[in-house]
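Just so you know, the protein sequences line up as chains A and B, in that order.
Residues 0 to 258, numbered by numbering that gives the first Met the number 0, are exactly what the first sequence covers, in order.
Residues 0 to 258, numbered by numbering that gives the first Met the number 0, are exactly what the second sequence covers, in order.
Hint data in this document are derived by calculation from the structure and do not stem from the laboratory.
Each hint should be verified, as a subset may be incorrect.
Same chains, same names: a pair is fine if it fits in one copy or spans any two.
Claimed, not checked - Subject to a maximum C-alpha distance of 27 Å in a straight line, what follows is the list of computed DSS-like cross-link-like pairs (lysine-lysine):
(1) 2 - 206
(2) 192 - 143
(3) 147 - 196
(4) 253 - 147
(5) 206 - 237
(6) 226 - 158
(7) 158 - 237
(8) 196 - 179
Keep in mind it's a predicted model, so treat the numbers as computed, not measured.
2 protein chains.
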Amino acid sequence: MMKVVIIGSGNVAEATAIALKKCNLTPIQICARNRVNGSTLADKIGCSYTEDFTNIADADIYIISVSDDAIAQISSQLNIGNAIVLHTAGSVDMQSLSKHKNFGILYPLQTFTKGRYVEFKEIPILIEANSTKTLEVIKGVAEKLTDKVIEADINYRSKLHLAAVFACNFSNHMYAIAEKLLERDDIPFDILKPLIKETTNKVLDSKSPLDIQTGPAIRDDFKTKAKHCEMLTDKIIKRNIYVTLSQNIWEISKKTSQK
Amino acid sequence: MMKVVIIGSGNVAEATAIALKKCNLTPIQICARNRVNGSTLADKIGCSYTEDFTNIADADIYIISVSDDAIAQISSQLNIGNAIVLHTAGSVDMQSLSKHKNFGILYPLQTFTKGRYVEFKEIPILIEANSTKTLEVIKGVAEKLTDKVIEADINYRSKLHLAAVFACNFSNHMYAIAEKLLERDDIPFDILKPLIKETTNKVLDSKSPLDIQTGPAIRDDFKTKAKHCEMLTDKIIKRNIYVTLSQNIWEISKKTSQK
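Please model the entire structure based on the sequences and the hints provided.
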């Protein structure tokens, strides 16, 4: 049986540890500086916990799931011989682990929030390794987690991570601005939820988001846009966000229809 | 039995006509300038079609579902005596119908796309009227369509429409930009769909989108943001969208945590 240690106790570490447990690759240890989060996660998984890198358990695979900045430093503290060390970050080069003999990437393309269970089976997992042999081991683990394993270098992975920032973080921020606009008038955010649900269902069912755009920007409805600008009191949200995005929707749609 | 005529044959007209049919308020006629769309919709509903306003059928309610700019003009062509005339627009004042004796609003807060069926039961419908009696009639119709009927004036309705532009059109545009970024490298957009699905499921389950934000902007991860900016070749998308939204995510999160 393959022995896995998870290093870290944040959103991705938690989700990965739970997903591994679900497919009978239960981590044998959580190693994390944050005692509260680390021991809570270890309890959840039913494994040991250490905050001390010198106490780290013997394992076949060490999965570093910490903030991007901390990966190289944590890697430098690990002495693991022939074991494989991985990280789970979208935008960090595999070479940050190059001190080790066998290393690679296991990047789940998903947004994770503490305490929220996510089914891994549908998630694309991007993998990479410094040797064919190591890649096969990582592939074996990834294929237990999901049906969508993709071999990808840093270039492909970074591009996907960047696109994910737009598709996930920035779209969520649009919801946050909508909430802020309604808050001033005590209109509950929940009123928008059926709209948000259908917007997403449409894009999931469509070939391209360009095919399903609606609203004043795509119609170039000058009157409504002008009225909206009058209503927006926050200058950043008005000029730098509403106007810019409205223009960009119109320009991208024009370019596409000219194709 | 109440007799309804739908004026228009666009996305909202189609969805409204189908929804009315579903709750046994089948429109008796579609009146629309666009012959192809108008007669197709009438066939779908199983009612008559006319493009000629002088041929419009006698009815109790006329629902004008056309582009915002055309509402007042179409209203001016209607001679309907004591019947009620409504429009379905988010940002147009009820007074655009004030030539008539009985008028009001029936605004379904949703994004509609031709040929795509939308269940009305969950959709908030905002209503307004020029008299209590007319409001009661509109309420009766709206309550057949949905469980979420809200009486709202132009102020409330416009604010909701503005928030909807962010929650629907702008979030969809974030998907469009993500697609564009992947297109250059022939990465299929479908790879992002599990992420889009989970981003939305999270916001539907959460109290506020601010509670669930992830990614480099909310972490103020300078290195990743700088790397992303290097990767973005389109100046508008880099400077005016990526940088602005990243800053705004960080600023809104700071303000909220200071509360």
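Verification of the hints:
{"no.": "1", "hint": "2 - 206", "verdict": "neither (41 Å within a copy, 38 Å between copies)"}
{"no.": "2", "hint": "192 - 143", "verdict": "between (34 Å within a copy, 21 Å between copies)"}
{"no.": "3", "hint": "147 - 196", "verdict": "both (25 Å within a copy, 16 Å between copies)"}
{"no.": "4", "hint": "253 - 147", "verdict": "neither (34 Å within a copy, 37 Å between copies)"}
{"no.": "5", "hint": "206 - 237", "verdict": "between (31 Å within a copy, 25 Å between copies)"}
{"no.": "6", "hint": "226 - 158", "verdict": "between (37 Å within a copy, 10 Å between copies)"}
{"no.": "7", "hint": "158 - 237", "verdict": "between (29 Å within a copy, 14 Å between copies)"}
{"no.": "8", "hint": "196 - 179", "verdict": "both (19 Å within a copy, 23 Å between copies)"}
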